[in-house]
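Novice: Following the hints, position chains V and R against chain H.
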Amino acid sequence: MNPVNYLYLAALLFTIGATGVLIRRNAIVVFMCVELMLNACNLALVAFSRMHGNLDGQIIAFFTMVVAAAEVVVGLAIIVSLFRSRHSASVDDASLMKL
Amino acid sequence: MENLIALLIAAPLLGAAVLLCGGRRLDAVGHWIGTVLAAASFVVGVVLFADMLGKDPENRAMHQFLFSWIPVGGFQADVAFQLDQLSMTFVLLITGVGSLIHVYSIGYMEHDERRRRFFGYLNLFLAAMLLLVLADNYLLLYVGWEGVGLASYLLIGFWQHKPSAATAAKKAFLVNRVGDVGLSIAIMLMFTTFGTFAFGPVLEATGEATEGKLTAIALMLLLAACGKSAQVPLQSWLGDAMEGPTPVSALIHAATMVTAGVYLIVRSADIFNAAPDAQLVTTVVGAVTLMFGAIVGCAKDDIKKALAGSTMSQIGYMVLAAGLGPIGYVFAIMHLVTHGFFKAGLFLGAGSVMHGMNDEVDMRKYGGLRTYMPITFITFGLGYLAIIGFPGLSGFFSKDKIIEAAFAKGGTEGWILGGVALLGAAITAFYMTRVMLMTFFGEERWRNQPTASPAEPDVEPAAAHHGAAASDHAAAATGEPHPHESPKVMTIPMIVLAVGSVFAGGFFSIGDRFIHWLEPVTDHAHGNPPISAGAVTASTVAVMVIGVGLAWLQYGRRPVPVVAPRGSLLTRAARRDLYQDDFNHVVLVRGGEHLTRSLVYVDHTLVDGVVNGTAAGMGGLSGRLRRVQNGYARSYAVSMFGGAAILIAATLLMRAV
Amino acid sequence: MSFPLLTATAVLPALGAIATAAVPAARRTAAKWLALIVSLATLVLAAVVLVRFDPDGDRYQLTESHAWIKDFGVRYELGVDGIAVAMIALTALLIPFIILAGWHDADPLETGSKRWRPTQGFFALILLVEAMVIISFEATDVFLFYIFFEAMLIPMYFLIGGFGDRAHEHGEAAASTQRSYAAVKFLLYNLVGGLIMLAAVIGLYVVAGNFSLTQIAEARANGTLDMATSTERWLFLGFFFAFAVKAPLWPLHTWLPNAMQESTAPVAVLITAVVDKVGTFAMLRFCLQLFPEASTWATPAILVLALISIIYGALLAVGQRDIKRLVAYASISHFGFIVLGIFAMTSQGQSGATLYMVNHGISTAALMLVAGFLISRRGSRLIADYGGVQKVAPVLAGTFLIGGLATLSLPGLAPFVSEFLVLVGTFARYPVIGIIATVGIVLAALYTLVLYQRTMTGPVKAEVEGMPDLRVRELVVVAPLIVLLIFLGVYPKPVTDIVNPAVKQTLSDVQKKDPQPEVEASK
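Sequence lines, in order, name chains H, V and R.
Numbering of the first sequence is given in our numbering, commencing with residue 1 and proceeding in unit increments.
Numbering of the second sequence is given in our numbering, commencing with residue 1 and proceeding in unit increments.
Numbering of the third sequence is given in our numbering, commencing with residue 1 and proceeding in unit increments.
The following block holds chain H by itself, in its conformation from the complex (with noise of 0.2 Å):
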């Protein structure tokens, strides 16, 4: 199978979450649609360490596990202290980071 597929994949999934992020208030959505942009990026990364026959790119992906899994647990965190104190999960309920 030809390789370039799989970045057309990753390409459409990050455009998914691109969108999500964009489009949706609820903070969880948004949080996963970020994790499919994470995963979007594994997956060319993985693709172009097979295209190019060296392992960089594998590498990189194990990082951006550890990364993505580290997000998880700070970014659970606070949408769940969030929705505490506002019992709401919209991010647009939380604008007071302005000038």
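Among these hints, one or two may not hold up.
Claimed, not checked - Distance condition first, Cα-Cα at most 27 Å in a straight line; then the derived BS3-like pairs of lysine-lysine:
{"#": "1", "chain 1": "R", "residue 1": "K512", "chain 2": "R", "residue 2": "K493"}
{"#": "2", "chain 1": "R", "residue 1": "K513", "chain 2": "R", "residue 2": "K493"}
{"#": "3", "chain 1": "R", "residue 1": "K504", "chain 2": "R", "residue 2": "K391"}
{"#": "4", "chain 1": "R", "residue 1": "K504", "chain 2": "R", "residue 2": "K493"}
{"#": "5", "chain 1": "R", "residue 1": "K513", "chain 2": "V", "residue 2": "K213"}
{"#": "6", "chain 1": "V", "residue 1": "K213", "chain 2": "R", "residue 2": "K512"}
{"#": "7", "chain 1": "V", "residue 1": "K162", "chain 2": "R", "residue 2": "K461"}
{"#": "8", "chain 1": "V", "residue 1": "K162", "chain 2": "R", "residue 2": "K391"}
Unchecked claim - Just the calculated beta-carbon pair ranges, DEER-fashion:
{"#": "9", "chain 1": "V", "residue 1": "G200", "chain 2": "R", "residue 2": "V490", "range": "17 to 27 Å"}
{"#": "10", "chain 1": "H", "residue 1": "T64", "chain 2": "V", "residue 2": "A633", "range": "20 to 30 Å"}
{"#": "11", "chain 1": "H", "residue 1": "E35", "chain 2": "R", "residue 2": "A228", "range": "57 to 67 Å"}
These are calculated hints, taken from the structure and not from any lab test.
Quick reminder that beta carbons are idealized off the backbone N, C-alpha and C, glycines included.
Specialist: Chains V and R only, in chain H's frame:
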């Protein structure tokens, strides 16, 4: 002997320092300290004079070097003095007449609480004037020159609580400063032309400089002289300077200040001699001022202002004579000395009259005072005869010579200048007779007249001693005056000056003494007028008689109205100093106010505006940019994606190129 | 190794500043005395510098040199020439008077006011400024100079913003707004100038490879260091801009009136008489020595700016209603004279300019400090609020008049000597500019006498009635300044003797000679 020169200046300077720093402790004796130190300076002057007479006329000049003042590269200014016959003449005049005025002031200022300070200022005035005439270079002369300006500022504005006095003082200083610009530029020109500005080297080297440079220097010196000597167009301060106490007027007009300009021109004779154009301008300035002062003097009802007009006119004579070159220098100085006597006498007399009249200055409220104050009348009368040039008295000799010299200039100029000088003599006779008649003759117009110049809420403090007790003062100020003779301390100086007014001219002229005395310094050439000297003298006497006669017709025969009539166009113009002040006010004062106000506006809106505008612009820009930070996480995400897209696009584009 | 005298002169006030700041809050008076004693000790050290300095000796004396940042060739290099010695003496001389005049300026306000006025801080900051100014005068390393040139902005910022007049016509809140506006304006103006200079300093390093003034100047003189004409001009402009802001030269002047108006009189004196002098001093030391050709190139433009400053400052002074603003604009006019003298490139002009810096410091201090005493009595800075003071407080009026007369350069007082030298020096090379500048002396008389007339003469105003005359402390401040003004007016030779050789050196750096007179008069 040379070492005494510094003492001439040191004595009054010490007086000024002691009196001004001494504080109230010296109030009781301050006037005596001032007077004694002024007199001490006079004594030193006499000693030096006696020493000088004993020397050969060509070697009379003395020098004293004190220390190097400003040494920078080629610019070498020293504090050094030069005493030659010209300076000596001035020293004796300044210290002699100055001391007499000090004595007079003891009486005149007796009841002024700030008398000590007054004497301090008087001493400062003498010191500055002596420095001016004793300096051996132009820069040191400049110090004295401005020192005189400062002292006059302090003295004219002595009664500072009167706004008019403060304004007059400021005006005098400012107008003088305009003249000082001329002196500064002249010194700079000398420095660039000759590399020095000491009298000796500069005057010796005049032959080597171009005429253009010399003309420029001479014109700048003339500008300086115009400021200090109140010549047109810088004459406007002199009339207002009458705001000062009367002894100050006497000092400014007779012994110091206004004579400085004449001194400067005569001192710089070599420069003027080599610049005929500048000389012509000098004579024109002199002639114009002569007429200006005389016309103004005819219309003033204020006795001091009438005398001020007269001073302007007489100094005009001197400047005219000085502009004539070697045929006039000696006579300019001679007239200056005789004028010093009679003008000091006249002013002190006027002060004495005011003293006896509750400080009334309006001559229309005088009249018939000769019986009440006989000594004042006689001394004032002698001064009057001297100034109009009554044959045999001082003014006759000096003024006649100037008129003769003016004719002797030759050509059309000679006729015009001589004619103007003659006409001036007639007008002098007219206005001085007017003063005399209005003050001492005619009916006693002060009867039933509330006096104490209504325009001035603050009467001169000298008025305080009229009532026997202080409680009388209010009544005396508003009621009828009681004319009385002044105390001896005031009349004695007047008598001495009257003697000088009578005999000085004759003494100087016998055997051409004065000419021989000054000749080594100023050069003297005998002028040949186109008409005989006898004819000039005869016409001088004739015009004087005409002037006196006209004045008698108008003010002697007919009663003088107490309220000034409206008068002719010329009279009204003359009362307003020929509109010169109005011109100054409209053009300089108003114009200046507008200029500064608009500049303040420009500075605030334009220069500062650019800066504040930049700051405001930055603030506005950041205000706009702030709106991007709206707190919505998703909008941040949009900008992030957008930024990433732009970056990628840019990278691809770069690669493509 | 000999005793590092120059370092000591700068370090002593710095240590004094720390010590003063460390005095406990309750011991306010002790802090004041400590500051005064330190400033007097600094004056003694400055006097030692003055005595040890030999006018006819080497160009830079009492030099100290240590490696500092080796990688960039930055050295700790100090050295003084005659001009620097004069400026150090002036600074050390004025600080004790400033401290004494501001004795009560930082006292806590009456109870109930929320403003916090740390007395110790006020005096510590003044000493800190002194230390930085002195080291700027001493530095012969461009980088070292730059650091302190910029660093003195910090204490000055706090002095202007933190300690205003007690009195303000629009109340405490307005005063506070105005003060911070003035302080920020001061800071921004000088920072912008400083940053542009920083660029030029780095540029100089790139071209020359080190920061040493002496080495670069020497290399420039004997041709081993060549700069492209345009490089030299850009670097010159970078340096000059910073100095022109500090000096301040028209049109970069508008921070000065605000800063002087809002700060207390002693701080205003500190700004105009001490800190600003670093600007004009640096023009002489850095602009002319490092970039002689560019200096010649820029001379016409700078002379015109100086001329505008003279006339413009004087005219604006006439139009002011606020006493302190008036003095500020008068100072702008005087700085115009100083710059004019420096760039006239004649020995009279530059000696005159150096002398002018000293004399202007003393005369402005005299005038401004007396004005401050006056303002503290009546509680207003507006000229119109005064009148007839002469009658109630003759000594105050008299000293004010003498300060004013010094400002208008009356002959016999010190400023006359310097002003005339500047005028003559300018006239010798540029007659027209010299003549126009001379007009400035009439305007100077105008604004001074108008100020005196409106405040001191006329009928006594009701609010002025009962105004006390100068107190002993105030007299102690003013009297020595007046004595100095008279002394240096009559006998300026001690200063000119020190300054002349240095000026001669500077002139030879720019390869200029005095114009010769047309006629060689027999001496």
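Novice: Does R/K493 sit within 27 Å of R/K504, going by the straight-line distance between their CA atoms?
Specialist: holds, 16 Å
Novice: I want to verify a distance hint. Is the separation of the beta carbons of V/G200 and R/V490 within 17 to 27 Å?
Specialist: holds, 23 Å
Novice: Taking 27 Å as the top limit, are the C-alpha atoms of R/K504 and R/K391 close enough?
Specialist: Violated, because 49 Å separates the two Cα atoms, which is more than 27 Å.
Novice: Compare the distance between the alpha carbons of V/K162 and R/K461 with 27 Å, and conclude whether the hinted pair is satisfied.
Specialist: Given pair V/K162, R/K461 holds - Cα atoms ~13 Å apart, limit 27 Å.
Novice: Can the restraint linking R/K513 and V/K213 be considered satisfied, given a maximum Cα separation of 27 Å?
Specialist: holds, 23 Å
Novice: V/K162 and R/K391 were given as a pair; does the straight-line alpha-carbon distance stay at or below 27 Å?
Specialist: Roughly 11 Å between the alpha carbons, so the hint for V/K162 and R/K391 holds.
Novice: Are V/K213 and R/K512 close enough, with their CA atoms no more than 27 Å apart?
Specialist: Given pair V/K213, R/K512 holds - Cα atoms ~25 Å apart, limit 27 Å.
Novice: Can the suggested window of 57 to 67 Å be confirmed for the beta-carbon pair H/E35 and R/A228?
Specialist: holds, 59 Å
Novice: Take a quick look at whether R/K513 and R/K493 sit within 27 Å of each other, Cα to Cα.
Specialist: Since the Cα atoms of R/K513 and R/K493 sit roughly 22 Å apart, the hinted pair holds (cutoff 27 Å).
Novice: Look at the Cβ atoms of H/T64 and V/A633 and judge whether their distance stays inside 20 to 30 Å.
Specialist: Since the Cβ atoms of H/T64 and V/A633 sit about 22 Å apart, the hinted range of 20 to 30 Å holds.
Novice: What's the verdict on R/K512 and R/K493, does the C-alpha distance respect the 27 Å limit or exceed it?
Specialist: holds, 24 Å
This entry does not satisfy hint 3, going by the numbered hints stated previously; all others are met.
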